[in-house]
Amino acid sequence: MKKNMITIDGNEATAYIAHKLSEVIAIYPITPSSNMGEFADEWSALKRKNLWGTVPLVIEMQSEGGAAGAVHGALQTGSLTTTFTASQGLLLMIPNMFKIAGELTSTVFHVSARAVATHALSIFGDHSDVMATRSTGFALLSSCSVQEAHDLATIAHAATLESRVPFLHFFDGFRTSHEVNKIEQLTDEQLRAMIDDNLVHAHRARGLSPDHPVLRGSAQNPDVFFQARETVNPFYAACPDIVQKTMDKFASIVGRSYHLFDYVGSPDADRVIIIMGSGAETAGETAAYLSERGEKVGVIKVRLYRPFSVKHFLKTLPPTVKSIAVLDRTKEPGAAGEPLYQDIVTAINEGLAEGSAPYNQFANRPYPRVIGGRYGLSSKEFTPAMVKGVFDELAKLEPKNHFTIGIVDDVSHTSLDYDHNFHIEAPETVRAVFWGLGSDGTVGANKNSIKIIGEETDNYAQGYFFYDSKKSGTVTLSHLRFGPKPIRAPYLIGSANFVACHQFSFLERYDVTKYAAPGAVFLLNSIYGPDEVWDKLPIETQQAIIDKKLKFYIINAYEVAKNTGMGGRINTIMQTCFFAISGVLPREQAIAEIKHAIEKTYGKRGEAVVKQNFAAVDQSIANLHEVKVPQKASSTITRQLPIPEEAPKYVKDVLASIIKLDGDNLPVSAFPVDGTFPTATTQFEKRNITLEIPVWEPDLCIQCGKCSFVCPHAVIREKLYDPSYLDKAPEGWLAVDGKWKEFPNTKYTIAVAPEDCTGCGLCVEVCPAKDKTQTGRKAINMASQPPIRKREAIKWDYFLSLPEVDRTMVSPKSVKNSQLLQPLFEFSGACAGCGETPYIKLLTQLFGDRIVIANATGCSSIYGGNLPTSPYAKNKEGRGPAWSNSLFEDNAEFGLGMRLTIDKQQELAREFLVQVASEVGQELVDGILNADQTTEAGIKAQRERVALLKQSLEKSNNPIAKNLVSIADVLVRKSVWILGGDGWAYDIGYGGLDHVLASGRNVNVLVLDTEVYSNTGGQASKSTPRAAVAKFAAQGKAIPKKDLGMIAMAYGYVYVARVAFGASDQQTLNAFLEADAYDGPSIIIAYSHCAMHGYDLIKGLDQQKLAVQSGAWPLYRFNPTLASEGKNPLIIDSKEPTIPVQQYAYNESRYRMLLKSDEQRAEALMKLAEKDARNRWNLYRQMAAMIYEGDEKG
Amino acid sequence: MVELSTSYLGLSLKNPLVAAASPLSQKVSTVQALEQKGVAAIVVYSLFEEQITLESLKLHEDLMRTSDTFAEAHTGFPDLGLYRMGPEPYLDHLRALKKSVEIPVIASLNGVTSGGWIEYAQKIEQTGVDALELNIYYLATDVEINATQLEDTYLELVTNIRQRVRFPLAVKMSPFFTSLPNFAKRLTQAGANGLVLFNRFYQPDFDLENLEVVPHLVLSNSEELRLPLRWIAILFGKIKADLALTSGVHSAEDMLKSLMAGASVTMVASEFLQNGIDQATRFLDDLQSWMEAHEYSSVKQMIGSMSQQAVADPATFERVNYMKVLSTYTM
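The listed protein sequences derive, respectively, from chains A and B.
If you're matching positions, the first sequence starts at 0 in numbering that gives the first Met the number 0 and goes up one per residue.
If you're matching positions, the second sequence starts at 0 in numbering that gives the first Met the number 0 and goes up one per residue.
Hints were generated in silico from the structure; no laboratory data involved.
All of these numbers come straight from a predicted model, not from anything done at the bench.
Even glycine gets a Cβ: it sits at the ideal position worked out from N, Cα and C.
Hints are supplied without guarantee of correctness; some may be wrong.
[Stated by the list, open to error] Beta-carbon label-pair distances, calculated as ranges:
1) Asn-181(B) - Gln-588(A): 53 to 59 angstroms
2) Glu-118(B) - Gly-528(A): 52 to 58 angstroms
3) Asp-530(A) - Thr-158(B): 45 to 51 angstroms
4) Thr-158(B) - Gly-602(A): 30 to 36 angstroms
[Claimed, not checked] Pairs of lysine-lysine, DSS-like flavour, derived with a Cα cap of 30 angstroms:
5) Lys-57(B) - Lys-1021(A)
6) Lys-610(A) - Lys-184(B)
7) Lys-1098(A) - Lys-184(B)
8) Lys-46(A) - Lys-26(B)
9) Lys-603(A) - Lys-13(B)
10) Lys-603(A) - Lys-122(B)
11) Lys-1166(A) - Lys-36(B)
12) Lys-1166(A) - Lys-97(B)
13) Lys-122(B) - Lys-599(A)
14) Lys-184(B) - Lys-1166(A)
15) Lys-1166(A) - Lys-26(B)
16) Lys-594(A) - Lys-97(B)
17) Lys-184(B) - Lys-98(B)
18) Lys-603(A) - Lys-26(B)
19) Lys-57(B) - Lys-1170(A)
20) Lys-57(B) - Lys-594(A)
21) Lys-561(A) - Lys-57(B)
22) Lys-98(B) - Lys-1155(A)
[Said to hold, decoys possible] Computed footprint of chain B on chain A, listed as stretches where at least three residues anywhere in the stretch have a Cβ under 8 angstroms from a Cβ of chain B:
23) 29-39
24) 470-484
25) 1154-1167
Build the full structure now, drawing on both the sequences and the hints.
See the structure below:
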């Protein structure tokens, strides 16, 4: 039978099996497992059937805890049920996992294993999540590769039915879940042969039914619980043999053979590494390589980790072994060793004690030496060189135990040294590395190339993709391998035959050619022609090209893209060039295959897309040139430091390495012990990611502040200053007279940070001032950045040196005034044109020097807190937002905890204060206790009093005084702001949010509502509006958006506002000021336009206006203070809908795509959406018209 | 009983009232209702090649914008499989209309590329509709392009399409030609079986508050009738093509005038959009009553009866009439 070879990633390989072998799938998005749920949902939406001919029912839950609960319920009623998750999601499933296992219920949870958040969150892969489930009673089955994920998923589904032990099938997050590899797809016939329907029937028969009622889930007392708990032992004892039997059955059907423990290497090895996951693939390949060269080494790949079969393990271990290294991809601080290590030690000791261990023939050491080590946390690279390093360590007389490999630990000195130049790559494997930008389509094109080579030729192919953590100007690195043999190399390419740099500017910042092997091909996207490009290269790049004898090609892909209407997407062009010069395929065949792939991938989006891409392919080759390489490097350009010289030492020593993608080389000592980092560091990361920036035209400017207000990255700012500062102003400095009555005789300047701008253009869109003789010219216009970058950077630096406005002199109540205040959130990595960050920036302008922020996991925690740098900044007094992210689900409670501390410490400080009156004077005590801190002036005065207090008590020996000094700062007003997206507020964190709002405590909640889970790729939340398409709502969401504001208003004492800054900046400002002023809980639900809405975000403000005009997003403020005054607390700030919802919605692909795929359904849902808007408006209008009784009357 | 039947593009119509290309044809049920109200034929809204292309490219761009840009979100949207982005939805709609109504269905097409015009015209013919109205307009904004070049573009297009399809073709014209009769004649020589006078365009307007140019479409009124009325009267009998009058037909009186000028049919959209499709019945009743009252026996009898060729003073249509109008007011 011809094998069906496909090129997919580990998630798809796994989800394919899970979908085939399940009836109910309950899911919740979490990186890196989200795709599995998305595939399942899409396939069910497309009516793809499972093995029994029915379409699996897929449901998205509000959290992983919810998903696990639903899974448990579906299992208890007899469905074949599965779920997908990782990391924190898996932790949330643990309570149900205990139950499911305790009840001996057949199921498989598929987990793309990911680091659990500790000192920091990490989305990347290790086994800390899986290891946290060891005690649940689930079987733990590990896959090392994409093919294995496909195969062992099947084995897990089959074995769980027979053993009744639930299975957790896992593979490494990203490294396997996101690696694209060529695998053999199992057929329905093979799957059919693997699954015994009698066992399925038995599973169903155990399901709860009133037709044969039973009770399951009783409560038990000390008399019986213990005994009852021990009843499951025979099932766990039988499980390993059942799994092996299933593996053997699989081998007989499919031909691929697996064992509970698989051994690779020399049969008489004296050194053995024991490992599981993708690292086992690397270790196995390295052991095979070394043993072929005479080294007596071997590797045991652990597949069934739980139930751990000592018997099978000991049988696998070569009797000749002298030393063993057990590698764990997890860390358990304080343990005697990491979990796999402990299990191996235990197994060997048991074997020795019981006499079943095979290696007691060594007289001088009757048992092998076992050492444990950690590797690969958070997807840290694990290479053959590291494996060799561990084998070398094992050869030592006294090898280091509890070691680490892959890092430099200069603190505890755990790390092993190894030879970085050791490689085992097969020479016939073509290795290619591509540098790209997230937005230029490089990764997508490379995925396409892998499919072409993997599926249209006999070659094997592998792809793995790296992204930095920014959402705008993302640097991507694609690592591709092609070759005649299956590619088992789950690590990055160190030495490539082909290196492409799709962005010329990268040469300035990164060592792009470091991946190039001697004699490799180097392809560069260059606006400079073959005769002029050489002089434009940094000297380091020139030298590398000469030293490595690289064959150097260039193409002006931008030009080709422009001529063919491709815009900024150079993917197809660079892909064509890759095939044209890499020699992977004959040129003609390659071009035909590219075109075929274009038709296959894009054809369903219309012929125009295909034609456009075809044109790009056709024009690419003609524009490809080989560059004659001179013998000497002569450039005057040098690669730039990633940060300026004047940056703080920590930034220069540590963060700079991360910025230049060199963080792997930082030692342990470079890092804080508790995850605490300085803020205000994005200012040093001059990213220069845009070719266009705004330029101010002072003669037209009306000083309204709107450009500054809407800027998502705080790169446009305004200042009023004394005219004397003009004397030292740099060349080209622009200024006009300030138009503020309260600041007479001042100059006014709008400045732009040229190297931090992302070029989104929102400032130009919002600018209301137009030239009367040429209306296309505004008071701010986009201009080419490179020619003015230097001049504008000098101006920006001077601008920053000007004094900030005296906050006590400015009433922040107008938009115009608010923009004189310094933003303390700047240059984040958010998307260009982000609709969330203007709110956060405003928050920091208004209250930034006295707020603590609790930030739910999501977009805002990534652009707010992902290394290397922090966008939260400090003012000249050193004050600014203090920020922390706990989890996704607990953010409201986390923020409330912060409030409780402040409340308690304020109470305590006030108690102490009266006790030190004799030392500091009653007047100061009274001043502090009775301070009015409702204004900036009041806060300033209180700060001065507290400073005086601390000074007065500085030398006091009174223990109360010392205590007071330790908390005195809390006497100055502090606000707690709880930030997060709609996934948090409407779904996973809703229970906590509700409780926190109900608490009555003075916390402020800001919901950055994008109406989808933006960070994980656009999954539907309960905020997703009716008729919009999102993942898990692929057919358009059938039910309306949850009215979170209405629920909050129901408490009566919660301040609630619904805002959209693009529709009304003033209303937004009012809401922020009122929420902060309100002495109780407040929540602001903020419309945040988002890339996940599917349109060019330059139109974000227009869409906000249309959302409001159509009634899809009514604006209101519900202020309980008004109710106590006898007024209706609800003020509707927007007008009755004047346009249909569809006039707003169909500008966005999230709505329009349904119209194009299922017009009838789209129209039906849109009709309901129109009704939703009208009904909601009518309801609010009636509420706003109600008569309220004030407190006095009540 | 008067005879209301007429013929247009070789099609026999029960009366001269045709629904012009407009959103009214977007729903099969509306077209069925129009048929019930007595409308004799329907011109379906236009298939716009440019729109098809732009929609396709825009969706692609929107989907690509969120693809493979960030480690956590490799895509931003679910894959909905096939998108109906090409001409197929329009062609399906034509097929559905043909199945649902007895009256002739005339498709309408606006192309961009030469290949697009021909490909789509052929596909439209294959749906079995009765005729095709070519909705051609090239707005000359380039100072280097002269009138002849522009006119030749139109003629080449009509010739090319004519060579590749067999069903009747009408050309919906713009009134902005220097020598409209000559151009009309050449269009018929290129293969147009009918001319529709005139196309109405979105005209940009200015938003004075925001200093922005905004697209603007106002529905027609009876005042607009006089422009096509004159040109139909001038063209009638001079070219070998049926004439259709569209723009400004808001009453039976307007229909009568159009027919008398020389139109074989009158096309109505604005009136139906403004006052409902019941107006069709009213038009036809009024038309019949007027004809009975004035003892006309058939529509055919009156077509062209007040054309330039037929009136007592043909020069009436040639004068700009300015003097007379003024003197009328002063009298």
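Hints, verified against the model:
1. A hinted range of 53 to 59 angstroms for the beta carbons of Asn-181(B) and Gln-588(A) is consistent with their spacing of about 55 angstroms.
2. A hinted range of 52 to 58 angstroms is violated for the C-beta pair Glu-118(B) and Gly-528(A), which are about 38 angstroms apart.
3. Checking the proposed 45 to 51 angstroms range against Asp-530(A) and Thr-158(B) shows it holds: the Cβ atoms sit about 48 angstroms from each other.
4. Look at Thr-158(B) against Gly-602(A): about 32 angstroms separates their beta carbons, and that is inside 30 to 36 angstroms.
5. Restraint check for Lys-57(B) and Lys-1021(A): satisfied, since their Cα atoms lie roughly 27 angstroms apart, inside the 30 angstroms limit.
6. Proposed proximity of Lys-610(A) and Lys-184(B) is contradicted: the alpha carbons are some 37 angstroms apart, above 30 angstroms.
7. Between Lys-1098(A) and Lys-184(B) the alpha-carbon distance is near 47 angstroms, which puts this suggested pair outside the 30 angstroms criterion.
8. As the CA atoms of Lys-46(A) and Lys-26(B) are separated by approximately 29 angstroms, the hinted pair is consistent with the 30 angstroms bound.
9. Of the supplied pair hints, the one linking Lys-603(A) and Lys-13(B) is violated, its CA atoms being roughly 43 angstroms apart against a limit of 30 angstroms.
10. A distance of roughly 19 angstroms separates the Cα atoms of Lys-603(A) and Lys-122(B); the hinted pair therefore holds under the 30 angstroms criterion.
11. Between the alpha carbons of Lys-1166(A) and Lys-36(B) the distance comes to roughly 27 angstroms, so the proposed pair stays at or under 30 angstroms and holds.
12. Restraint check for Lys-1166(A) and Lys-97(B): satisfied, since their Cα atoms lie roughly 27 angstroms apart, inside the 30 angstroms limit.
13. At most 30 angstroms may separate the alpha-carbon atoms for a hinted pair to count; Lys-122(B) and Lys-599(A) meet this at roughly 23 angstroms.
14. As the CA atoms of Lys-184(B) and Lys-1166(A) are separated by approximately 48 angstroms, the hinted pair breaks the 30 angstroms bound.
15. Pair hint Lys-1166(A) plus Lys-26(B) holds up; C-alpha atoms about 15 angstroms apart against a cutoff of 30 angstroms.
16. For the proposed pair Lys-594(A) and Lys-97(B), the alpha carbon gap of about 37 angstroms is over 30 angstroms, so the pair is violated.
17. For the hint linking Lys-184(B) to Lys-98(B), the alpha-carbon distance of about 35 angstroms lies beyond 30 angstroms, and the restraint is violated.
18. A threshold of 30 angstroms between alpha carbons decides the hint, and for Lys-603(A) with Lys-26(B) the separation of about 25 angstroms falls inside it, so the pair holds.
19. Under the criterion of a C-alpha separation no larger than 30 angstroms, the hint pairing Lys-57(B) with Lys-1170(A) is consistent with the structure, at around 28 angstroms.
20. Distance check on the hinted pair: Lys-57(B) and Lys-594(A) sit about 20 angstroms apart at the alpha-carbon level, within 30 angstroms; holds.
21. Restraint check for Lys-561(A) and Lys-57(B): the C-alpha separation of about 16 angstroms stays at or below 30 angstroms, so the hint holds.
22. Taken as a hint, the Lys-98(B) and Lys-1155(A) pair is honoured in the structure, with Cα atoms around 23 angstroms apart against an allowance of 30 angstroms.
23. Counting residues of the segment 29-39 of chain A whose beta carbon lies closer than 8 angstroms to any beta carbon of chain B gives 5, which reaches the threshold of three, so the coverage claim holds.
24. Counting residues of the segment 470-484 of chain A whose CB lies closer than 8 angstroms to any CB of chain B gives 3, which reaches the minimum of 3, so the coverage claim holds.
25. Residue count for the segment 1154-1167 of chain A with a Cβ under 8 angstroms from a Cβ of chain B: 4. That meets the three needed, and the coverage hint holds.
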